[in-house]
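Asker: Below, each chain spelled out in residue letters.
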Amino acid sequence: MRFALLPIFLLGLCASAQDEAQTRFTAYDVVVDAGAATLAAYQVEITAGPESKIVGVEGGEKPYADAPYYDPAALQGGRIILAAFTTEPGAPTGKVRVARVHFQETGTAKYTARVMAAAAAGGERIEAQVALVQTGGK
Amino acid sequence: MRHGRAVLWALLLAAAGTLYACSQAMVESPPSPEASAPPPMWVVKEKHDLTLPELKSAELWIIEDYACRSETYDEDFEKSKGDSLDSVSDKPFKGLETHETIGKGSRRYNQEELMLTHTGIQVDPTSPPPISDLPRGGELRARQGEKTVPLPLKHTDVRARIAVNLASVTVVQQYHNPYDGKIEAVYVFPLPEDAAIRDFVMTIGDRHIRGIIREREEARRIYNEARRQGYVASLLTQERPNIFTQSVANIEPGKQIDVQITYFHSVRPADGDYEFVFPMVVGPRFNPPGMAAGVGAVPAGETGTSGQKTEVSYLRPEEISSHDISLEVDLDAGMKIENLSSPSHVITVERPDPTRAKIALSPNDRIPNKDFVLRYKLAGKAIKTAVATWRDESGGYFLLLLEPPEQLSDIPASPREMIFVMDCSGSMQGAPLDAAKRALERCLRRLGPNDTFQVIRFSDNASAMGAAPVAATPENVRAGLRYAAGLQSEGGTMMIEGIKAALDAPAAPGRFRIVSFMTDGYIGNDTEILGEVRKRIGTARIFSFGVGTSVNRYLLEGMARLGRGVAAFVNLDESSDRAVDGLYQRIEHPALTDIAVRWDGANAADIFPNPVPDVFVGRPLVLVGRVQGDGRAKVTITGRMAGAPYETSLDVDLGAAEERYAVLAPLWARAKIGQFDATEDEIRRLALQYGLLSSYTAFVAVDSLTRTEGEFGTTVPVPVPVPAGVKYETTVKEGANK
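Respectively, the protein sequence lines represent chains A and B.
The first sequence maps to residues 130 to 267 in this note's numbering.
The second sequence maps to residues 518 to 1255 in this note's numbering.
Hints may be right or wrong, so weigh each one.
[Stated by the list, open to error] Reference excerpt, derived from the structure (chain A facing chain B, CB under 10 Å, subset only):
{"id": "1", "residue": "V184"}
{"id": "2", "residue": "R229"}
{"id": "3", "residue": "F232"}
Calculated from the structure, these hints are not laboratory results.
Heads up, the beta-carbon is just placed ideally off N, CA and C, and yes, glycines get one too.
Required output: the full structure, derived from the provided sequences and hints.
Answerer: So this is what it looks like as structure tokens:
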């Protein structure tokens, strides 16, 4: 009887290994480049394909170390809108790692990101770029 | 930036204000029993001479394990045996309210641990009353053989901010791994039944990962896969509107993972007071035979033996938890605060100014085994009819607080048929049944000459004092009191039997039937019971009493809503007079009925609760709804009062929404989800849209950077103490897996 169950057990192991190969967890840093301007607030949209699910949103470097908030109404599939701001003096300039997004991937995932809004310390709107940099689960 | 994004900023600001600070574990280690401890179950630990106003040379004896109450009183202390200390706090013993000033150091002694006696009255410490007759607080016990159980949940820190009547509460649960191997911690815990839970953050070291709201099954699949692959992950699910499960996977030995939950709710005004409640423990539920979707109560270490979908593990009487709790409330009432008190806990209070207060649990009252209750009264005629509004990209929202019309208390009510239904199940044994009996006794003594009444008891089955309600003659009331005094508790909680007995009997013509359940509500089939109430309620009204320190408020409030009445709560540490008198104040006068809300200059819809409940004396009504419009509008509330029309109105500026009312959007969604007729699709859609935890949605967080070695380890349920006053022996089934 025990031996009769062995193929089922082995099949289970194979299935498990296959699942893991197909399902993996990874993270991408969200880096906003504000150029010479100070980055006091941002709002970024990240979109992933159906092979990817967002499973967590983490903070970045100071002053954006707290996990940013997201708009639940905009959270559909792999799309998320993140936003955060700082009132601390000396808001950063240049490239700032503002957040990290954790994903569950089940295939070849593709991501896009865009800055919806960014503001300097005085509240004036600034031009900024955003990039996603894979940081985990490579 | 779009106006709607202000919601995000508002949330950011709210979060910034609810700063989380790690707290020290404050519970004292129980003193080791003396090596030469005598065989009796208790010993006198300390003795203090007290000088209190009007009471000279009193003695306070601190008794290890529990206290012997004085049975002899003088003319200044006219209380009966069994009265609690709080109930005499307006007597010469007022000085005892601050226990710390009496005991050595800063320990807090429960009233059960105090013995008070005048000089010259000898109390023999070798002949205590039977332990089974005493409430079981469980705090600071130090019995021989008692052991502290290391748990994966180390500490809970609660920070509440209350602005007028809206509360924002942040709960941080600190999990750690005190064992040698990797674990998954699973903790079943309560939150208020109307809480709009909309934020969830997992903290690993100095990294904070905000959880994502997902459909429940999808979230579970993600969590299970992360757990299987060794990633640190957490999952928050809802089992009942007031019971939740937190799972944290892959906690390595010596590591700590914090989970932060944020929710909003409105603080309800009742009988002139506002009452903020934070529940701390899920009481042991009874599940009817054949049920599998209930909430099981199992001994620690016997997980899976209840056969129920959700299980709560309970510490045995000889075990104490290493888990403790700290709690702070920052109250900004906007007007002068009066009569701030907690009937449940010892608190410290700071008053930065007359309109604000900072309340904290006393450092030595931190065992999470009973609801924290904070009451406060505002100066003057503080509860006024008012409207608050908010608008974002999802639309407009309002909250209406309707003060009971003053005229209500001037109108006499019709003859009543009072049906009192006593829960005599095992969980009520001891202090809860005693408290329920005291409440029943006061109810019977307050019956009017035109009333009829019936007393029904239920546990495994139901029986009644008589075949039918009888007139409230002095003789019948005495018979009722004798019947109440003889009630015993044992067996299961077949509440359906009590409901059938109370609601199925034909109503007496010309009488207003009022059904009053007196119960802790410890059942696992809440949905079934609420369905039965809905089916059988007819024209009766339900005005129930939740009795105990950790009552199932979801059930009691739900029954009151379906029964178009009101629930009141009787804590074991306070007199039931307040709750009973509140009931009679309400039922001795007619309600404001057929309430409708009309907006001129704006369009309102989706007003909840639906149908709008009646308004009773002492119980203001809180409604939430959607509103379209952006200028000045007029709100008119109409209704009927003893058959006569009633109308009041007020002006509202929809363009003047304040940022603090941003919580109205999730509160409205939570209210809609909480409707008894909300469909699964509707709940799922709303919960996802507003980011709310619900029966069909869950929060999941995965740290894809922290992958641990090996299998996911052992699942460790977090055992909890049975609620203060509840007996383990009559509520938790031992040995089911033996």
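Asker: Does F232 of chain A meet its interface restraint, that is, does its C-beta lie within less than 10 Å of any C-beta in chain B?
Answerer: This hint holds: F232 of chain A lies near chain B, its Cβ roughly 7 Å from the closest one there, short of 10 Å.
Asker: Can R229 of chain A be said to touch chain B, with a Cβ gap under 10 Å?
Answerer: Holds: closest Cβ of chain B sits about 8 Å from R229 of chain A, inside 10 Å.
Asker: Under the criterion of a CB-CB separation shorter than 10 Å, is V184 of chain A in contact with chain B as hinted?
Answerer: holds (4 Å)
Going through the hint list in order, the structure satisfies each hint without exception.
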